[in-house]
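Undergrad: Just so you know, the sequences run in chain order A and B. If you're matching positions, the first sequence starts at 0 in numbering that gives the first Met the number 0 and goes up one per residue. If you're matching positions, the second sequence starts at 0 in numbering that gives the first Met the number 0 and goes up one per residue.
It is worth saying that the hints were derived from the structure and are not from the lab. Do not take every clue at face value.
DSBU-like, lysine-lysine: derived pairs with alpha carbons at most 35 angstroms apart [as the list claims (entries may be wrong)]:
1) A/Lys323 with B/Lys338
2) B/Lys385 with A/Lys320
3) A/Lys566 with B/Lys535
4) B/Lys679 with B/Lys727
5) A/Lys46 with B/Lys614
With beta-carbon atoms standing in for the labels, derived distance ranges [claimed, not checked]:
6) A/Gly365 with B/Asn746: 56 to 62 angstroms
7) B/Gln684 with A/Lys157: 27 to 33 angstroms
8) B/Asp533 with A/Gly176: 35 to 41 angstroms
Covered stretches of chain A (chain B as the covering partner; in silico rule of three or more C-beta atoms under 8 angstroms from a C-beta of chain B) [what the hints assert, rightly or not]:
9) 527 to 536
10) 553 to 559
11) 567 to 573
Every value quoted in this text rests on a predicted model; they were computed, and no experiment measured them. Beta carbons are placed, not taken as given, at the ideal position from N, Cα and C, and that holds for glycine.
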Amino acid sequence: MASAPIAPYNSSPLGNSSSQNASRESLKMEPLADVTLLPGEERVIDKDIIYICPYNAAVKGKVFITNYRLYFKNTDSETPVTLNIPLGVISRVEKMGGASSRGENSYGLEITCKDMRNLRFALKQEGHSRRDIFEIIFKYAFPLSHGMQLFAFLSQEKYEENGWNVYEALEEYRRQGLPNNEWRVTFINKNYELCDTYPTILVVPYKATEDDLRKVATFRSRCRIPVMSWFHKENHAVITRCSQPLVGMSGKRNKDDERYLDLIREANGTTKLTIYDARPNVNAVANKATGGGYEGDDAYQNAELVFLDIHNIHVMRESLKKLKDIVYPNVEESHWLSSLESTHWLEHIKLVLSGAIQVADKVSSGSSVMVHCSDGWDRTAQLTSLSMLMLDSYYRTLRGFQVLMEKEWISFGHKFASRIGHGDKNHADQDRSPIFLQFIDCVWQMTKQFPTAFEFNERLLVVILDHLYSCRFGTFLYNCESVRDSNNVRTKTVSLWSYINSDTSLYINPFYTPESSRVLYPVASMRHLELWVTYYIRWNPRIQHQQQSPVEQRYKELLALRDQYLKKLEELQLSDSAPSSTHLTNSSTPNAATPNQHITHLQTPF
Amino acid sequence: MLSLGSGGAKSSKPSFVSYVTPEEIKLEKDPQKKEKHPDLLPGEVVFCSANPILKYTQDDLSQRGVFGTLLCTNFRVAFISDDAPQEEMSKTFKNKLYGENDIPLMCVDHIYGVYDEKRKLITGGLVKNKCPSKMIIHCKDLRVFQFCLTFSKEEDAKRIFQGIAHHCLEEKSLKCVFAFSYLRSTNPDHGKSSRKCITRLDSKSEMLRKREAIMFDSPEDWTQEMKRTKAQCRLVTENENFELSQRLPQYFVIPSALGDLFNYQGKGLPIWCWSHHSGCALFKASFPSMTQEDGDFQSHLDTMITAVARNYLYSVKTEDLSESLPTLQDIQQSYNKFKQYFLIDNTTDFWLSDVKWFSSLESSGWLDIIRQCLQKAVEVVECLEKDNTNVLITEEEGTDLCCVISSLAQIMLDPYYRTLMGFQSLVQKEWVAGCHAFLDRCNHLHQKDKECHSPVFLLFLECVWQLVQQHSPAFQFSETYLTVLSDSVHVPIFSTFLFNSAHHRESVMKAESPIAQSRPLSCPTVWDWSVQFDSKAQNFFFNPLYSEKVKHERTVRRPHKHKHQRQLSLPSSAFKTPTKKGFFKDETDSLKKMLRVKRISRWMGSPDSPVVASKEFYESWQQRPLDYHGLLLPSLDGPSVRVWMQRYLRWIPEVHIMGGGSVAIMTKLMELLSQVEDLKRVLEQRDPSLATQPDHPPPLHHRLPSFGSSGRLSSSFPFTYSRNRSFKPIIPTGLMQSLMVADNLANQEDETS
């Protein structure tokens, strides 16, 4: 990463620090020297400030703000206390305490973050110091509300690989074995004319004409017609996704939609197309009042409708809020388990996972399925992507996982901008909801249950979530492809995958064992679901943060030891040309990519 | 496997043979029925049997099962399938004493009869009534068996049901416990047997045993232990014949300042547990709560406390555990509630209980009791490690929570006890030689008196598991070892868990041994693991992650050593000043006043303060780099104290992760380990100089469990195996039960527009 180091910071010491000795002075100069600014990042302001750390006492130090981050370093003791927060993480900035407030450190700022923490700073009352810093944070944390650009458009970062090329829709469909004589690629949405929240390339039943598609679009909420998203190579069953049908109070029917669903069903001879409606039954019924609804029995006789009882974005938002209450700043102790239960967070995770299990199970048994919720961009994305993760081992690789997110979430229009609120000051926006976080949590639960099935590690998941908010990369910006196109995101911003793929070694799970044809069914029981402590409670210093688990550490040591031995053996063999020893070489030749290929002979017979 | 619905099953099944009393069945009359019997252990006799009995298969909700014979012997309840047993053969991890369809009588927890679809708990009285259609057995190792009795003749069904109920539930005397008939049959003087019997005469097995654990049944063992910890205390040998007290071990160690003070049957006598390298030590004592104003006894106790204080720098902190920790009854009640959540009869119940899982766990209070015990042990550790004061923990008997807390503190402080041998020696020292009343606490004899039953030892194992789970590389033994140890408590073979005290063991063994014998009989101890497992299976007891101490590193790095020395150099007249209030009673100041205050008031403080104080202790420990061979403290935060999944979930098919769980990682690790070992061997053969190189990597473990190469294991390995089950996912039912999101959020549209 190319970056310009910042010049040492020179500021005149404040009056009350004049008694400090020389070493203290040099310490005061230091704070900014150790943070490397990103290319395109610019310093805006710096200030003496007190950070009210919830775990230690108040920490005196200096804060400095750039167009990308808020950085704090303490000046009052040798043990370093630092904060390094991308401004995109900030959800809300408030002033606390007024001019009349008494008591130490009661005059300051409270910053609410999207990543499960709050920050409190105290300032001196004199000299409008708070007003300045408040306004600057407010402006730079919410650039879109101030007619400014997101940092992703200002960043000058350069990487070898262009992450925007990780996902090419056609290439991905080709990987799945498409098009074929059951499914065809259509460019009907080339200019986003059929559906403005769908990608340009869609896969539809071979027998459906372009005209059919247009007619179906009139009967599906926001024109999000059923399109194929995953194809089972052996049994030809598919996962299709869409939005709810516009049935309404009167129970409207649409012959084109009915026929279209039948075409999906017929493609591989499924007797009954299973429609998974992610919503609770009552909500689906209630949606009729606003023109929506679900596929009724009489209209869709060759379909079976299953409700998956997953709640809406508002319920999820409140659940996460409750979770934050019990883990930040301090972990609720006396009634940890019942408090955790009362947030329902894990219960929602359980519902999403068990929905995905049902989808995956149906598909692997040979039946095609259709998944929708209301609009088909929140719960639907969760269900389709998780079931694909269960069905298709490609998506469990580092690259495949990027493709999965690009496809199911980004290209199919999960409304990242609305759900996250990038650069937007309206923290109370009802459209915000941790749907994507919930998906990543589900993935984490799966990696916990199947620790050898995923090529990537926990760190990747955390980094993805950090940059979901950071606005440093263009990957998660905007609501759909059409808006991304008009903002030239692919040319003007850097993809998160450019950054990730520049050093993949950080994100590799050493235990990964590829198993191509295996369907992973996690156990969606509370007995196994656990709170992702290393994400949700990571700010708490009492929670152990081992860089590596002891198992992982030991495994890596052993890998190194094995390589060392193999090298020695090779050296010995080079100096010793006796043919009698070749059988040893053959049986234990190193092959880093597949370490378990040659171990069978070492094992005791079972 | 037959489905319940197949009607012809009953008539096609042959009748069975059953026996009413043990006397009648010494000889098998019908050789044809022989195959229906398990391989009986020496001394094992069949009481009764019935066929055909349908055993429901657990990992199936479609009410299917296998037909076979159900037997009750003096050792176990056994079910033998009519089909040839295939799976047993392939198991690497197999108990030699009982199979997966056997329940040692002592291991039976509750029996339920199902009468007209209603489940009733069977107690003594109900047995006389009519025979239930279905019998459900809940085991102490948390297995659940369900037998359908309707396929065999009614009187046979009734007999087997009554037989099992009688032998499992009725109060019995100690000499009826299987260990004694096993012992008589395995004793070489009493007829030939292939089974090895361990007697004191058998010097070879004695040696073997010595390698497994130090028994603390000889003065040498204690002297050795004092030497190891550099203790400045006095070994007492006067109780060799239990003349001083029957509640005290034969040999024990007391503060050297104590003279002849063996009044009051050893009550109040501080028994040495362990010495810290600074010189301060941990003692435990039975302290009867003082109700009577007995001045003499009061001053007796005061003398005891003074003697402890004089062990090191006139410092002592005392802690009455019966005041600060739950009572035995609390522990018993809590565990009874807790275990119910794991004794699952069917899938419907499983998913119903899944909804309120966390709050159910919490309401049992079991995890909280574990937390409290660990917390208390951390406090003891803090006194020893940070404040360098002697600690005297007390309770009524001095052999229950004292054992828990002192053993835990020793594990945290002393890496020796985290080795397999060290751990077993610790259990011997604190629990077995230390006179924990295993017989009463485990209720092996089904006594109706509920007062004295309490799973105290299990509580200790639970606490150790928390430590193992949090700091796995610090322990030489595995979680499987702990699980097996917890199961072994209910195997009525081992002397370890059968008695209430050393005196009890001696006297019973003496009474039970034939007069001709010069020495009393001796049962095998549980530490002779070869009685239960072959060496391959025993490899599962070892933790492949254990980071053995590098040999050349002679001196243990003790981050606070300099501080201790500084404190040691203080003028000895300086009484230690209490560092904090409201925690362990610091007796130092009040020694001269000699505690005229009532004992009840000696330890009282605001309940939060010790927690806050020891939080600081934990945090400062946490900030230092983790040394697996140094002090080890548990994290006690809500998310850190967890359910011992292996022990509690191993039999529940709904939670088995096929091809997943930590087993998947361990398999990979084992593969790599054996690969590295092989390479090393090859290298050393080719170039012997490598073996002696100074930079030679630390030795690897030689006892590796073989996980087998049979592809996917279930997360409950090695306890259950994947039975060619279809890889059908388990789909939760009853999901919406608790999610009554009452507020109007649930009814809102996703989009506000």
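Undergrad: List, from low to high, the hint numbers that the structure doesn't satisfy.
TA: Numbers 2, 4, 6, 7 and 8 - these are the hints that the structure violates, sorted from lowest upward.
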